[in-house]
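Asker: Residue numbers (numbering that gives the first Met the number 0), protein chains in the order written: chain A, 0 to 350; chain B, 0 to 350; chain C, 0 to 350.
Hints may be right or wrong, so weigh each one.
What the hints assert, rightly or not - If you want the footprint, here are the derived chain A segments under chain B, 3+ residues with CB under 8 angstroms:
| # | region |
| --- | --- |
| 1 | 134 to 142 |
| 2 | 248 to 256 |
| 3 | 261 to 271 |
| 4 | 329 to 338 |
What the hints assert, rightly or not - Facing chain B, according to a computed beta carbon distance under 8 angstroms, are these residues of chain C, among others:
| # | residue |
| --- | --- |
| 5 | Phe121 |
| 6 | Asp186 |
| 7 | Leu337 |
To be verified - For lysine-lysine, the following DSSO-like pairs were computed, each having C-alpha atoms within a straight-line distance of at most 27 angstroms:
| # | chain 1 | residue 1 | chain 2 | residue 2 |
| --- | --- | --- | --- | --- |
| 8 | C | Lys328 | A | Lys328 |
| 9 | A | Lys346 | B | Lys329 |
| 10 | B | Lys31 | C | Lys3 |
| 11 | A | Lys192 | C | Lys291 |
| 12 | B | Lys192 | A | Lys93 |
| 13 | C | Lys3 | C | Lys54 |
| 14 | A | Lys17 | A | Lys54 |
| 15 | A | Lys62 | B | Lys192 |
| 16 | A | Lys62 | A | Lys93 |
| 17 | A | Lys346 | C | Lys346 |
| 18 | A | Lys54 | B | Lys346 |
| 19 | C | Lys329 | B | Lys329 |
| 20 | A | Lys329 | C | Lys329 |
| 21 | B | Lys17 | B | Lys3 |
| 22 | C | Lys62 | C | Lys17 |
| 23 | B | Lys329 | A | Lys328 |
| 24 | C | Lys346 | B | Lys346 |
| 25 | C | Lys328 | A | Lys329 |
| 26 | C | Lys329 | B | Lys328 |
| 27 | B | Lys3 | B | Lys62 |
| 28 | C | Lys192 | B | Lys54 |
| 29 | B | Lys3 | B | Lys31 |
| 30 | A | Lys31 | B | Lys291 |
| 31 | C | Lys192 | A | Lys192 |
| 32 | C | Lys31 | A | Lys192 |
| 33 | B | Lys329 | C | Lys328 |
| 34 | B | Lys328 | A | Lys329 |
| 35 | B | Lys54 | B | Lys17 |
| 36 | C | Lys328 | B | Lys328 |
| 37 | A | Lys93 | A | Lys3 |
Think of the hints as simulated: they come from the structure by calculation, not from any bench.
Heads up, the beta-carbon is just placed ideally off N, CA and C, and yes, glycines get one too.
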Amino acid sequence: MVEKSLNELAEFTGGRVKGDGSVLISGVASLKDARPGSLSFFVDRRFEGELAVTKASALIVDKPTSLFGGPQLAAENPLLAFAKIATLFAPPPKRYPGVSDDASVDGTAELGSDISIYPGVFVGARAKIGDRVILYPGVFVGERASIGSDTLVYPNVTIMNGVEIGSRVILHAGVVLGSDGFGFVRDGASSFKIPQLGTVRIEDDVEIGANCCIDRAAFGETVIGRGVKMDNLIQVGHNVVIGQDSILVAQVGISGSVRVGRQVVLGGQVGIADHLEIGDRAMVGSQSGIAKSVPPGDVVSGTPAIPHRRWLRASSLTARLPDLVDRIKKLERGFAELRAAVRHEDKERKV
Amino acid sequence: MVEKSLNELAEFTGGRVKGDGSVLISGVASLKDARPGSLSFFVDRRFEGELAVTKASALIVDKPTSLFGGPQLAAENPLLAFAKIATLFAPPPKRYPGVSDDASVDGTAELGSDISIYPGVFVGARAKIGDRVILYPGVFVGERASIGSDTLVYPNVTIMNGVEIGSRVILHAGVVLGSDGFGFVRDGASSFKIPQLGTVRIEDDVEIGANCCIDRAAFGETVIGRGVKMDNLIQVGHNVVIGQDSILVAQVGISGSVRVGRQVVLGGQVGIADHLEIGDRAMVGSQSGIAKSVPPGDVVSGTPAIPHRRWLRASSLTARLPDLVDRIKKLERGFAELRAAVRHEDKERKV
Amino acid sequence: MVEKSLNELAEFTGGRVKGDGSVLISGVASLKDARPGSLSFFVDRRFEGELAVTKASALIVDKPTSLFGGPQLAAENPLLAFAKIATLFAPPPKRYPGVSDDASVDGTAELGSDISIYPGVFVGARAKIGDRVILYPGVFVGERASIGSDTLVYPNVTIMNGVEIGSRVILHAGVVLGSDGFGFVRDGASSFKIPQLGTVRIEDDVEIGANCCIDRAAFGETVIGRGVKMDNLIQVGHNVVIGQDSILVAQVGISGSVRVGRQVVLGGQVGIADHLEIGDRAMVGSQSGIAKSVPPGDVVSGTPAIPHRRWLRASSLTARLPDLVDRIKKLERGFAELRAAVRHEDKERKV
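Same shape as in the complex, but just chain A:
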């Protein structure tokens, strides 16, 4: 069991301790789940009530609170400090010792040092597996595919031929990399398949959620940039390029040849039509349908997407359309009466 004093943790993350910094911490937990030895986390006033009853030995806070009697570590970015400390206590991923006899590893594959290859893994000819890579059961690594060092590949992931994966990448279970792009050309009534001759490149420090699919390019590469984080069940079409540090929430669908910039955030279930560009730092609200390119920094929502604030107003008005129609009807009636009245007067006067 790892144990660290609060002072040591403050030194590690850069915060300031209020109270007894010698208290020993053996794990992290929410206020509710904390036990003696736990370091917990408090920044949201909605959870003030839990401070009186938490069993946590210490807190990470943005500024010290008088509602908790124990020692506190005040950090500039408390959630980041908490995440870094949690990493110290997180159990390391389990490693199979070496290459299982029940794996199928081609003799021409290049294997790094300290790798873990579980039973039921397949590694094809001339594939490259970097140092300390872990391949869980059911992983398929196609011919000439390459995987950088310290990459973690969970069970039943499929990495097709020639796909390139960087270092410190995490691929959750069921991910498919390098399936054919969806490219067909009409030939009479039927569809003729356009061979998909390109590949997929995943840069360093990317994390890809369970059952995501990333298609290979028709030519060239589909690219997931350094530090991109993808939630589960996301579809990325052929020739898409996603810029560094972008964040994609679950069930997003990106059509072929889209270019997503850096530090973009795509909300859950967003769909993007083909060949569009999403500028750096743009944000797209959940379920939006993007039918034209989004300039850098814009915040948009809706189908088709419009500026987010405008969408908020427009969609609340959509709900009030029945009232608007009533108001239009009332105007029409009132107007007809008034016009009749005016004409009547007119006649009377003329008479």
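Dock chains B and C against chain A, hints included.
Answerer: This is chains B and C only, laid out in the frame that chain A set:
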């Protein structure tokens, strides 16, 4: 081959026989597909035409019909009676006899009696497999994961470390349980991973559709309550709790820390934003986007969701917006003319 | 390495050569990626700039362009010609030589000639595997399932018991065929499972994208018609029938018993409610929600869907709702003033 008389089936389900109850039934089928020996099902008047030509030996009905000459079993809930009877004739799931030599089962795993472990299964250290559990090829069961009795796990399912699964659960092919929740904190331009230290708990009698993903909690548990039924390709984020007997249609996406009540129905492709609450027995229409909590019993639709009846009206009006704009234009023109006319008169009189 | 002269390629596809037809072609590539020996493709004037710098040895064009100095092949359908030629140069799928000793193939399975069964494949009793079929690692083929000749099954695909697959079918990684349909009947508060006794039939020349799910029928068959092309992460419910040569873009969801006609196009993330009919050659815009049947040839969009042109107009007006409300308010104010003025005059005159 199983054979039962209609009288026996009536006793089994509680219905009442009209006609010859001694007829032997050897299977169930739709009116169209029925063969001699088949029991079929009729409640929907739209299918009256098929009664004249069906080869079924008997019918389950809500009330006896004169359009069918053979024996009939009238049941209060005919579809339920039909489903129960169909269960009698359904082929039992295939069982591998014991534990395959081509599976990798850790020596410290606890194995129940009469289990079936197919080739290509992996069971990690200290995992618990209950009595009569079936693990199909390609299933991964991580360390300390536990599976209750009579649970059925179809091919290529991934059950990550520590996940708890109840009894009589059905996991369809490609399901992923216990992948990391999508938790990151910004660290400058890049995203720092928040370790996901919790787990997933699946209660008894749950069914989870193919390629669904259920993430482990950051702390504590993601919970799928007893009797919940989930269709295919559904995303459930970390720390979500779904109440008993709720029904989730395909491709639903539920963000982190959402609480779904009991007997809730979520239509296909619904998305729910994080930390919301969906009250007991609420119903959410297909493709809706839930951006605020839904009270118990409410029926809502749309993005953002509003009461379903209102949404029906509002969305039909949305389609008529071009007409509404024309009416507004006409009012504006008419009003401008009328005002001009009134002012003119006014002037005339004043002159 | 395959090498063909441009004249040979023109004969193969039916086009007309301008310039030196004896030039040897060893591959296809985009204008940007082309190397000497590459045949490239030019029809879109937006890429004119690349003609000056491309290293391609020859072009396929709709009509010859003076901006490229090398030989050109003018074809009536240049993309189709290009796709056909690309097929000549595409590397053939890798074949495992025969049946791996590390696969589990039931002794009663019928195996065709020249098949490839990789390690980690499972083939159940009485399954039929056609000539030249390739089953990649992690593929599960259930009892009595059948696969036609020249069908390609990528890693970790699950084909449940009894499913029938035609010839020249491509199943991308993670596909699930024949999971249970989502059929339950309420039994008090809980849901009683309706046994799903039917199957799935995939006709010839179908391609199904990664991680798609196709449920078996309650009775009878779920059918994917000849030549249908499905992108990734698509859900097809029980008893659905999809007509020949239809195209389904990624993340589409089709509820139970829907009938999709021939040559239909469903955009990405479309949802279709149960028991509806989508007529031949209909087109449904991305993210649309189909709540009633669509006649043959119609082009619809939106939720609920309306004619596409009308939807374009209505959705642009939705974005302008705030302005419309301002116009209604202005009318109301103006009208109230005018009416007051008219009544005032009226009174004055009557006085």
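Asker: If you draw a straight line from the CA of Lys192/C to the CA of Lys192/A, is it 27 angstroms or shorter?
Answerer: 40 angstroms, violated
Asker: Quickly compare the C-alpha distance for Lys328/B and Lys329/A to 27 angstroms and report which way the hint goes.
Answerer: 15 angstroms, holds
Asker: Test coverage of the region 261 to 271 of chain A by chain B using CB-CB distances below 8 angstroms; three residues minimum.
Answerer: With 4 residues in contact (Cβ-Cβ under 8 angstroms with chain B), the coverage given for the region 261 to 271 of chain A holds.
Asker: Are three or more residues of the region 248 to 256 of chain A within 8 angstroms, CB to CB, of chain B?
Answerer: Answer holds; 3 residues pass the 8 angstroms Cβ test.
Asker: Checking one constraint from the list: CA of Lys31/C to CA of Lys192/A, max 27 angstroms. Satisfied?
Answerer: 22 angstroms, holds
Asker: Holds or violated: Lys192/B and Lys93/A, Cα atoms, limit 27 angstroms.
Answerer: Cα-Cα ~18 angstroms, so holds.
Asker: Checking hints one by one. Is Asp186/C an interface residue toward chain B, by the C-beta closer than 8 angstroms rule?
Answerer: 6 angstroms, holds
Asker: Would the hint linking Lys328/C and Lys328/B be met if the CA-CA limit is 27 angstroms?
Answerer: OK: Lys328/C and Lys328/B at ~13 angstroms, within 27 angstroms.
Asker: Hint check: Lys192/A vs Lys291/C, CA-CA at most 27 angstroms. Holds or violated?
Answerer: 32 angstroms, violated
Asker: Decide if the proposed pair is consistent with the structure: Lys329/B and Lys328/A, CA atoms, cutoff 27 angstroms inclusive.
Answerer: Given pair Lys329/B, Lys328/A holds - Cα atoms ~12 angstroms apart, limit 27 angstroms.
Asker: Is the listed coverage of the region 134 to 142 of chain A by chain B valid when you require three or more residues with a beta carbon under 8 angstroms from a beta carbon of that chain?
Answerer: It holds, with 3 qualifying residues against the three required.
Asker: Have a go at the Leu337/C hint: is there a Cβ in chain B nearer than 8 angstroms to its own Cβ?
Answerer: Hint holds; Leu337/C Cβ to chain B Cβ min 5 angstroms, cut 8 angstroms.
Comparing the model with each earlier hint shows violations of hints 10, 11, 16, 18, 31; every other hint is respected.
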